[in-house]
Amino acid sequence: MNIHEYQAKALLQEYRVAVPPGKVATTPAEAEDAARALGAPVMVVKAQVHAGGRGKAGGIKLAKSTSEVKTLAGEILGMTLRSHQTGPEGKVVRKVYVEAGSEVDRELYLGMLLDRAAEKHAIIASTEGGMDIEEVAASTPEKIQTVHVDPNFGLSGFQVRQIGFGLGLDAGQVKQLDGFLSGLYKLFVEKDASLAEINPLVVTKSGDLIALDAKLNFDDSALYRHPELRKLRDPEEEDPRERAAKEIDLSYVGLDGDIGCMVNGAGLAMATMDMIKVCGGDPANFLDAGGGADQEKIAQAFKLILGDANVKAILVNIFGGIVRCDLIAEGVVAAAKEVGIQVPLVVRLQGTRSAEGQKILSESSLEIIPAETLQDAGEKAVAAARGTGA
Amino acid sequence: MAILCDRNTKLLVQGLGRMGQFHANLSIEYGTQVVAGVHPGKGGQVIEGIPVYETVQQAVAETGANASVIFVPPPGAADAILEAADAGLDLAVCITEGIPALDMLRAKVALADSPMRLVGPNCPGVVTPEQCRIGIFPAQITRPGPVGVVSRSGTLTYEAVDQLSRLGIGQSTCLGIGGDPVVGTNFVDALELFEADPETKAVVMIGEIGGSAEETAAQYIEEKMSKPVAAFIAGQNAPPGKRMGHAGAIIAGGKGKAADKIAALEKAGVAVAISPADIGETLAKHAPGLAG
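Chain order of the listed sequences is A and B. Numbering-wise (our numbering), the first sequence opens with residue 279 and increments by one. Numbering-wise (our numbering), the second sequence opens with residue 35 and increments by one.
Extracted from the complex, chain A is given alone in its bound form (with noise of 0.2 Å):
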C-alpha cells in the first residue's frame, strides 16, 4: 500500500526523524491558512498525488508570502499531473502539502528496503541526491552504498558509521544521522514497510539533516495488524477497477486489450496472458480469482472483466488443485445467465474433478466454446475475439 507525502511526514515525525515543518490543504483558503500557520520566508507547495517525478510535471512550486501559496495552491488542486510514474491519463491532484522551505547546501539519498537476493534489510545510501537511484545505480554503481541489517538483530552503530562518513558527514553530523536513522529503521519495521525512500536526505546550511521529501510503502499482507495505516489509504489514489477486485479479493490489473481472462493462480494468469499474445491477440487483463473461487466471485469477476468496453471475448482457463472444476462450472453457467455475458466466452478447465465441470457446462443452455488445452484455448479466445471464432 502507498500512502501520500503528507502522511509518510507525520508518520516520520512519530518516530523523531526530522522533516520540515508542514500542512495539508484541500482548498487554496486552507493552503493560505496552513502558510499563515507556518510563517516562514520560503515555503513549498506540493502536490500530494502517489506518483514521483512532481517537480518536472509541475506539482511543486516556491511562494515567498501566504497569499502567493493561496495562488499556487489555486493552480496545482485539480490539475492534472503527467510524470513518468502516473501514465499518460495522469493523476489529479486533490491535496496540497504546504512547507517551510530548507536552505540546502547537500541532497542525499536514502533507502530502505527488503534485499530478496540478500535476505536481509538493506540501506542504500547515495551522495547523489535528488536523483533517480536506479539512473545512480546504472551509470555510477561506485556513488552507491549499500549495508545489510539483520532483521533479527537491528541496526548496528557501526552500520551507521558506515553510511554516516561514507557519504562525507563530519562527526555531529553522524551523529544525527545515528538518530535518524534508528529511527527510520524501527518506523520501518513496526509498521512492516516495504519501502522507504528519502529523495532527498538534505544537510542544511546550518549543517543539520532533514527529509525533504519521503516515499513509504507498506505490506499488503501484513495491514492486518495495522489498522491505522488502513487508514490512510487512499482510495482515490487507486485505479477504480483494481480496487473494487480487491474488495472482493480478486487480484486484477487492466491491460489494454480486447480478451479478457479470468485464471485462478497468479503463474498461470500470467501465463495465459502469454498464450493469448503467442496466438496474435492481446489480453485485456490479469485477473487471479484465486484458491477459493466461488459462484459469487465468478460473477463478480465477470462483472469486473466486462466493465472493460474493450473486451470482446472472455477466456476463462482454470486448472483445477485446490479449487473443484465443476464447483467452477456451476459458477461459470449461474454468473453467466445472472450477469448476461453478450461475448463469447471460452472455457478450459483441467485438474480437480474437470470432466464433471466440463459435462455441466456441456449440458448448460450457454453458448461455452469449450476448449482442451492452453494452446486450443489461446486460439480460441483469439479468433472469438476476431468475430472469427468457433
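Hints are computed from structural coordinates only; laboratory data are not their basis. Ideal placement from N, C-alpha and C gives every residue a C-beta, glycine not left out. Be a bit skeptical, because a hint or two may be false.
Unchecked claim - Estimated spans, in silico, between C-beta atoms of each pair:
#	chain 1	residue 1	chain 2	residue 2	range
1	A	G432	B	P85	40 to 46 Å
2	B	A325	A	Q440	36 to 42 Å
3	B	G287	A	E381	28 to 34 Å
4	B	G287	A	D517	44 to 50 Å
5	B	G275	A	T482	30 to 36 Å
6	A	Q291	B	E88	29 to 35 Å
7	B	G275	A	D428	27 to 33 Å
8	A	D560	B	E257	49 to 55 Å
9	B	G288	A	K524	23 to 29 Å
Place chain B on chain A using the hints.
Frame of chain A, contents of chain B only:
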C-alpha cells in the same frame, strides 16, 4: 529415490482447519502416510482418522513424524514454521498465502542454522508420483518418471506437469517453491537436489517475473549442472510496476523482466519455451528419450 519425500515419509499436518482436513484426506487417499495433526486446542481428538496433538514436539514424540505440511493462517504461519524446525523435522512445506514479508524474513534468518528444509510459503507443495503427496497438488495428473519439476507458481506447475504426462514423460518429484519474496527453498536449492538425485535425468523449471532468482539459477546451471534443463518464464507481457498477483511478481525499477531471465537461461544452455503451451515439447526436444 526422488527428492524431499517418498513412500517412507511420515507426514504431520499443522493446522487442521477446513483446508488442512480436505487436503490431508486427499494425501491419505494418494497413499501418503499422514501420521499426525497439530491443532492447538484440539489435542487428543481424532479428525478424519488422524490423531491430533497440541504441539509438534508431542506429535513427533508419539508418531515419529519427519515432515510437516503447514496450513496455519498467516498471523501464525511463521511461528508454525519455527515450531516445526524446533521439533527436529527434516522438512516443512508451508502452503499458507499472505504471510507478512517481515515474519518470513525473520523466520528465514532464524532457520539458517537449522537442518530442516523449508519449502514455500505460498506454494502448492511437493509430490513424488505414486509415493507421497504433501500440499494441495492435483496428484492425479502426475506420473512417475525421470523429470524433476520446480516452479514458483502453483497452477502453472500443474499445467507443466500435465503437458509432460500427456507426452508420456513422468516426473521424479514436482515441487512449487512459492511466489513470495522470501521462500525457504529457492531454485538453486531445488536444482542441486535434482542434480544429486540419480533418478532425475532432466529438469523443468518454471519461473516468473520479479526478483532475480531465475538469473541466479541460470548461473548455477551454467557452472554446476550436468542434466538438461527446460524452462518457461511467465509474465512476458506484464507491464512494469504492476504486481501480478504474487507478492514477488513485479517488474520494479527495470529489474525482474522476463526477457532478461530468458536471456540468462538461454546463455546457460537451457531450452526456454516461449509459448506456455510448449513447455513439455521443449523438454522433449531438448532431452530426447524421456518418455516411457
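Here is how each hint holds up against the structure:
1. Between A:G432 and B:P85, the C-beta spacing of about 41 Å keeps the proposed range 40 to 46 Å intact.
2. Between B:A325 and A:Q440 the CB atoms are about 57 Å apart, so this pair departs from the stated range of 36 to 42 Å.
3. Distance hint for B:G287 and A:E381: a CB-CB separation of about 31 Å, consistent with the stated range 28 to 34 Å.
4. Between B:G287 and A:D517 the C-beta distance comes to about 21 Å, which lies outside the given range of 44 to 50 Å.
5. For B:G275 and A:T482, the Cβ-Cβ distance of about 33 Å falls inside the hinted range of 30 to 36 Å, so the restraint holds.
6. A beta carbon spacing of about 45 Å between A:Q291 and B:E88 contradicts the range 29 to 35 Å that was offered as a hint.
7. In this structure the hint that B:G275 and A:D428 lie 27 to 33 Å apart at CB holds, the actual value being about 30 Å.
8. Under the hint 49 to 55 Å, the C-beta atoms of A:D560 and B:E257, about 39 Å apart, miss the expected range.
9. At about 26 Å, the CB distance of B:G288 to A:K524 agrees with the hint of 23 to 29 Å.
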